[in-house]
Structures are given as structure tokens and as C-alpha cells.
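Please model the entire structure based on the sequences and the hints provided.
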Amino acid sequence: MNFDEEIDRRAVPALKWHRMVLGDGGEGLFPAGVADMDFRAPDCVLSAMQARLDHGIFGYETVQPDLMPSLTGWMARRHGWAIAPETILRAPNILNALAMAVTLFSAPGDGVIVQPPVFFDFFDMLKENDRRIVENPLILRDGRYEMDFADLEAKAAAPQVRMLLLCNPHNPMGRIWSEAELRRLSEICLRHDVIVVSDEMHGDLGLPGAPRYVPFATLGAQHAQNAVICLSPAKTFNIASCAAAFSVVADGEKRAAFQAANSRLTVNKNNAFANVAMTAAWREGGPWLDAVMTYLAGNLALMRDAIAPLSGVRLIAPEAGFLAWLDFRELGLAPKELTRFLRHKAGWAASRGEAFGTGGAGFARVNFACRRARLEQALTSLTAAMRAPD
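When we follow numbering that gives the first Met the number 0, the leftmost residue of the sequence shown carries the number 0, and every step to the right adds one.
Read the hints as simulated data drawn from the structure, not as lab findings.
Below are the BS3-like pairs computed for lysine-lysine, each with C-alpha atoms no more than 30 Å apart in a straight line: (1) Lys-268 with Lys-15; (2) Lys-15 with Lys-335; (3) Lys-268 with Lys-126; (4) Lys-335 with Lys-126; (5) Lys-15 with Lys-126; (6) Lys-268 with Lys-253; (7) Lys-154 with Lys-253; (8) Lys-344 with Lys-15; (9) Lys-154 with Lys-126; (10) Lys-126 with Lys-253.
This is the structure:
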């Protein structure tokens, strides 16, 4: 497991390094805007995919029998979550799972609560499905984000608010919500008949020393019955282009609605490489994940040390994941000016903070899942840009 290995990601059409992300003339930028890792997938995954390739026949096939046990075994071992296999449904990707929940359990014009700054695709998905976005902004207090429960209570009680999209752990700032916070959120939603749809893609990525990730469904049967939990190993094992997603739906009526929609939309085909990749990752990928999280913790420490003495930028350190939320508001730059500064002065292609909604302006999301030497170069460039005279 050599995470310092330099791999040319331009050898394949990697989105992070593609012109549509980096823009014209962006070949030399630090590509920090797309949330995947610059590391090879675990050897167990590569071996399983190679064995499947060597078979040489890729016709229609059913789900291999050890896929679901590998998923349930992983969640039980890593997170203490005993998932009943019959409650698990497949989806092509996690955004598809989220979108299906939105369209099944709310109607056009209904309100859906989001907690910005939050993953920008939440906004696009709700707009494209004609749902009304109801914001419950997070509060940044002493360098740590918190939920505004008083505001959440008021928003959940409003007419035609049917659903809350939860990000657990939260993207972009990597906050791991505590059991007490999740329980308080869930109790508010139960009081007002608001369904919780929880994106838990980053749940496996707790950094060393961070609080424990709490799967929403482990709060108890009543809470699980009012929720749809969306999972995928795509981020965990860096297999986004060869993985599927899963919805865990404890309530029988909701699950039947999902199954009917899957049938109606013919979301029922299997990808041979995704199946073997996910099965191998969940069964044998634990040591690789532990090693990569240790390496990422080192990268985060490097970033923290480099940023601490700089005036005009502050790191909101994540508890989970490999995305750093950087606060540049002291620079007093408008969003477009901040993007230009990072691109042309620091040489960074980061995710624009304003894309994450209310509270995001003046921030940037930066992916630090790269070779340490590359991160050092990027931080040196940022330091020079921050210290340069106007």
C-alpha cells in the first residue's frame, strides 16, 4: 500500500483532471475539486476484478450470493449496525437512490429540508424534480458546525414540508453528527411527519481520533421506520466508477414503493465488475481502509500546520473524509474574486464554497486525498499567494 506512488490519472478520462473541471489552461492546477482519491483501489478489489475479467464472458448475470452478506458483515463489524438483508435495495448510484426517495415520498411543490452549506447536488436534484428547497442552515460556532434545532422545528412544522435530506457525516465540512444530535433531529421529524433521507456515503471515513459515526438507523426501530438510508462503498474504497449504491428501507410500505419504482424504471441490471469489486472490498478491504485513513490524517496534519500561521484563511478540520473546508472570508473577496485568487495566484482548482448554498460564500472545499508531496507543493503555492503583496 504505497500511497506516495505517482499515478498518471490523465491516462484515463478522470473527471478530477478533465478539462470540464479544470477549464482551459488548467493542466497545471492542483486538482482539488472532485471528491475521489488519487490512490489505487485495494489489491483485493483489483484481484477480484482481474479474475472476473479473465473469465471472459460478460452476459447478463444475477447478484452473486455473497454480495449482501459482505455488506451486512461490514456494517456489523465496523459500525455495530445489524441490517436485515430484506431491507436492502440496489440502485445504480447514491444520487439515484436519493432522487428515488425524493420522488416517491414527496410531491412536486412539496418542501424538502436541507442543511447548508451542503453537497451541491442536493440542490440540483430538488430543483430538477420540482421540489421546494427549505433551508435549515448550519451554525458555525468557534470553528465547529452545529445544527440549528429551533429553526429546524419551525421549518419541519410548516405546511407541505415532507422530507429532510440529511448528510451523515456532513459534506463539505466532514462533521460527524453525534447520537444525541441525530436523535434530536429525528424526534423533530417524527413529530411533524417529515421523512428523513440520509446520505451516509462518507460513514466509513472517520479520521483517527474522531468521534464514532452513528448510522441513523441504529437510533432505534421508530427512527429507522421513518427513514431511508443511502449507502455506497464508492468513496470508502475509491471505486466510484465501478460501484453501485444501496438503500436501506426498514418500513415495509416504503420498501414496497421502492421495489415498485425499481421495477417500473427497470433499475434491475447488474454490473459484473461492480459486484465483485464491492464484495471483495467489504470482505477484505478493512486493512487498506485503515492504512489510507492514517495516511489522510497525516495529510490533514500537514495542511493544518501550513495554514495555521497564514492570515486570511482558517481550516475547518473534518472529522470524516478527505475534504477540507477552508474559510477565506477574512480576505474580503467576492466569490468570483476568491475563485480567481485560488486559481491564478495559488494554482488551485477547488470547489467553490457558494455552490454549497447559504453560508458557503467565502469558503472553498479542498480534496487532500493525494500524494503528500503533491499536497506539500500545493500548500507552498497557497502560502506564497497569501503572503504576496497586493
